[in-house]
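Engineer: Make a model of the complete structure from these sequences and hints.
Protein sequence lines, in the order shown, are assigned to chains A and B. Take 1 as the starting number for the first sequence in the working numbering and just add one per residue. Take 321 as the starting number for the second sequence in the working numbering and just add one per residue.
Hint data in this document are derived by calculation from the structure and do not stem from the laboratory. Heads up, a few of these hints could be off.
[Said to hold, decoys possible] Listed below are the simulated SDA-like cross-link pairs for lysine to any residue, each with C-alpha atoms no more than 25 Å apart in a straight line: (1) B:K640 / B:D596; (2) B:K399 / A:E93; (3) B:K332 / B:S692; (4) B:K500 / A:Q88; (5) B:K357 / B:E615; (6) B:K399 / A:R95; (7) B:K540 / B:A525; (8) B:K380 / B:E395; (9) B:K632 / B:L691; (10) B:K611 / B:G516; (11) B:K640 / A:A92; (12) B:K500 / A:K56; (13) B:K500 / A:D209; (14) B:K500 / A:L187; (15) B:K611 / A:S96; (16) B:K500 / A:R188; (17) B:K357 / B:G392; (18) B:K540 / A:K56; (19) B:K632 / B:G516; (20) B:K500 / A:K38; (21) B:K611 / B:K632; (22) B:K500 / A:D89; (23) A:K38 / A:K56; (24) B:K500 / A:E99; (25) B:K500 / A:E93; (26) B:K357 / A:S208; (27) B:K604 / B:T551; (28) B:K500 / A:P274; (29) B:K500 / A:S96; (30) B:K399 / A:A92; (31) B:K399 / A:D91; (32) B:K694 / A:L213; (33) B:K500 / A:T90; (34) B:K500 / A:V205; (35) B:K376 / B:Y660; (36) A:K272 / A:L213; (37) B:K399 / B:G386.
[What the hints assert, rightly or not] Just the calculated beta-carbon pair ranges, DEER-fashion: (38) B:R506 / A:K38: 53 to 61 Å; (39) A:T40 / B:E472: 34 to 42 Å; (40) B:R506 / A:E93: 31 to 39 Å.
For clarity, every value in this text was computed on a predicted model and none was experimentally measured. Note that beta-carbon positions come from the ideal geometry of N, C-alpha and C, so glycine has one too.
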Amino acid sequence: MTPRQPSVDFDWSAKNVLVTGATGMLGVSTIALLRERKATISATSRSGVSMPDATKTMACDVTSASSIARLIEQTRADVVLHLAAQSQDTDAEPRSTFEVNVNGTLNVLEAVRSSGVPAVIIVASTYAVTSHWPALAGSESEPRAIRPYAASKMCAEVIARCYRDSFGLRLGIVRLTNLFGPGDVNLRRLVPGTICAVLRGEAPVIRSDPDTLLNFLYVDEGAAALLRFAEQVAGNPSHAVTVSVRNAESLALREMVGSILAQMDRLDLLPKMPAPASAAKDRAEDSAESGENTWSLRPALALREGLQRTIDWYRHHHGH
Amino acid sequence: METKLSSFYGGKTVLVTGHTGFKGSWLSVWLDRLGAKVVGFALEPPSVPSNFEAAKLAKKIQHITGDVCDAGAVERCVKSVRPNVVFHLAAQSLVRLSYEQPTSTFDVNVMGTVNVLDAACRCDSVASVVSITSDKCYRNQNWIWGYRESDELGGYDPYSASKACAEMVIRCFSDARFQKVAGSNRVVPIGSARAGNVIGGGDWARNRIIPDIVRAIEKKEDIVIRSPNATRPWQHVLEPLSGYLWLGAKLAEEPAKYIGGWNFGPRDEDIWTVRDVVEELLGKWNAPHTKLRIEEDSSGAESQLLRLDCTKAHEHLGWKAVWTVEEALTAIAEWYRRYYEDPREDMYPLLVRQIEQFTRQAQAQGLTWALSPKGER
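Structural biologist: Structure (structure tokens):
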């Protein structure tokens, strides 16, 4: 499967596409691709601010059922891409995470149902699902913590599946691996955290076992896969319900940090990190593949190039 | 009657959400009799008549009208009541209605659970929380064997999906590490209880067979059933309630051992055909004007029965069912007959009598929760 290629029989230029969460990292990248493909775009964001490329967004808080319903009705969307999410864990205020991720998804699905939108894509999280479904199941022995973000994203998936099963929505769920790229404001994540530390002249910090393998994908690759899956969902009645999108290769945390340091020419900044858990640890994936439909991508853009674009973005915005 | 339940709940302040519902009202009466100070938080009763009205509960317990979807109202209620134990039963509990009103079903069942658990975890008087979900929280794999607490969650219809989501919310909130990060000094133990449809006096919900029979008898009409040979489990409401109550007590005493999910399902021998139940109830009621009429409709495929494996509750809580289906139906016939003799009469004493009868039988069967507090076990 080569999910990068736009499929020939799907004409984005004839489609009205509504994107929620357009100003997020994935949203910006997705809108750029949709523009290349000449789709008619309705970009929405909570605040209604303009996007970096000056695209106007419509203000739409997904937690307001009437707001999202009105927009979907007005724009006569053919495809809805639901990207809006609260992606940071807010342990002190878990309610808002559930509010945005559960009720937000619910409101979008209900609006799609009542307006009869032909296709909708829900973005889920590989991390939440693969690292927690088994834990949820095996609740007897030492259950793993489920943080509000993961719990809320799993709820969103359950609700999305239910809308498909119960109401016949043409719906796809994309579980995306860890994306990195320009404009990620969550500095607790490894890539932006490392780059910003280096820009401040500080040693980056790796919080967990540096040999832990993590799957990283440049955001543009994720956006391309998202659109490719949307084409399948909209165009093929026997489409898969979910797809997990990941990089064919994972990297140890220390390798990723090392690449960033090398590219920023600051190998002198030795990362602060805990000792590896075990010297003879094999490179077993933390996030086991979920058996279902998985696209293991060999990215068109080398990791180096993706990192460079990301670094350039933070250099440009550093201190702003 | 002194039991381990009364020695735990006596003098405790207990908050019951959904106390105006069928299950919630029975639970509130039971807690009241155990000597607890019961505070209910719920919308108005879901049906007219209702068990809540029939037992004149508004006069017997503290009754707060409120919506669990209103986070502020839930928080204010918990802060002012300062309960020792919380039972979260408020829910949209009808599968059919969930197809008509999916968003409010998810809102009540998922966000309502978020709101109640969030408020309970922030209140330092709370010693345990029992959150009620459903046997339908498990992903239906069409197994012939019973579902265990460790099986995968999921749901096809909006009701089932909402209960699977509620389970995820409970798992998130019950985690000690999460509660610490969220700013708690201590960990509030949370248990989730999973039971199926139950039967009992005082249920007037739509599209349920016992209330349908009751309405037919009351109107002196025939009772028409379309799938007489369909089998269902018939569990009296007091059965899972005994489990919820005992779980609430054990969670407070030994949190680490009892946090997690618990099945309180019917026994295999409680699975009867619809025809047998209708005939049994008509016989017990002695209702000469109502006859069973069968208009078989083979088109509607019966969804496969989802059975619960309750080994965990047997082993760790010493819980098991007390009444046979026949005993449950006897109690039900007595309840409705009495009610329709004079609908203005206070049904509370009869509820109490049935609870006491149930408890005595449980005691005779040696069930832990029903033993006297000084009992050996």
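Engineer: Give a verdict on every hint.
Structural biologist: How the hints compare with the structure:
1. B:K640 / B:D596: holds, 24 Å
2. B:K399 / A:E93: holds, 17 Å
3. B:K332 / B:S692: holds, 18 Å
4. B:K500 / A:Q88: holds, 18 Å
5. B:K357 / B:E615: violated, 49 Å
6. B:K399 / A:R95: holds, 17 Å
7. B:K540 / B:A525: holds, 19 Å
8. B:K380 / B:E395: Holds, because 23 Å separates the two Cα atoms, which is no more than 25 Å.
9. B:K632 / B:L691: The given pair, whose Cα atoms are some 20 Å apart, holds under the 25 Å limit.
10. B:K611 / B:G516: Since the Cα atoms of K611 (chain B) and G516 (chain B) sit roughly 28 Å apart, the hinted pair is violated (cutoff 25 Å).
11. B:K640 / A:A92: violated, 39 Å
12. B:K500 / A:K56: Violated, because 42 Å separates the two Cα atoms, which is more than 25 Å.
13. B:K500 / A:D209: holds, 23 Å
14. B:K500 / A:L187: holds, 23 Å
15. B:K611 / A:S96: violated, 54 Å
16. B:K500 / A:R188: holds, 20 Å
17. B:K357 / B:G392: holds, 23 Å
18. B:K540 / A:K56: The given pair, whose Cα atoms are some 66 Å apart, is violated under the 25 Å limit.
19. B:K632 / B:G516: Between K632 (chain B) and G516 (chain B) the Cα gap is close to 16 Å, so the pair holds against 25 Å.
20. B:K500 / A:K38: Distance of about 50 Å is beyond 25 Å: violated.
21. B:K611 / B:K632: violated, 42 Å
22. B:K500 / A:D89: Given that 25 Å is the threshold and the Cα spacing comes to 14 Å, the pair holds.
23. A:K38 / A:K56: The hint holds at about 16 Å.
24. B:K500 / A:E99: Since the Cα atoms of K500 (chain B) and E99 (chain A) sit roughly 21 Å apart, the hinted pair holds (cutoff 25 Å).
25. B:K500 / A:E93: Roughly 13 Å separates the two Cα atoms, so the pair holds.
26. B:K357 / A:S208: Cα-Cα ~48 Å, so violated.
27. B:K604 / B:T551: Roughly 20 Å separates the two Cα atoms, so the pair holds.
28. B:K500 / A:P274: Holds. K500 (chain B) to P274 (chain A) sits at ~23 Å (cutoff 25 Å).
29. B:K500 / A:S96: holds, 18 Å
30. B:K399 / A:A92: holds, 18 Å
31. B:K399 / A:D91: holds, 20 Å
32. B:K694 / A:L213: Since the Cα atoms of K694 (chain B) and L213 (chain A) sit roughly 56 Å apart, the hinted pair is violated (cutoff 25 Å).
33. B:K500 / A:T90: holds, 13 Å
34. B:K500 / A:V205: Answer holds: K500 (chain B) to V205 (chain A) is near 24 Å, not above 25 Å.
35. B:K376 / B:Y660: Given that 25 Å is the threshold and the Cα spacing comes to 16 Å, the pair holds.
36. A:K272 / A:L213: holds, 17 Å
37. B:K399 / B:G386: Judged against 25 Å, a Cα distance of about 14 Å means the pair holds.
38. B:R506 / A:K38: 53 to 61 Å: holds, 59 Å
39. A:T40 / B:E472: 34 to 42 Å: holds, 41 Å
40. B:R506 / A:E93: 31 to 39 Å: Taking Cβ atoms as reference, R506 (chain B) and E93 (chain A) lie about 20 Å apart, which means the hint is violated.
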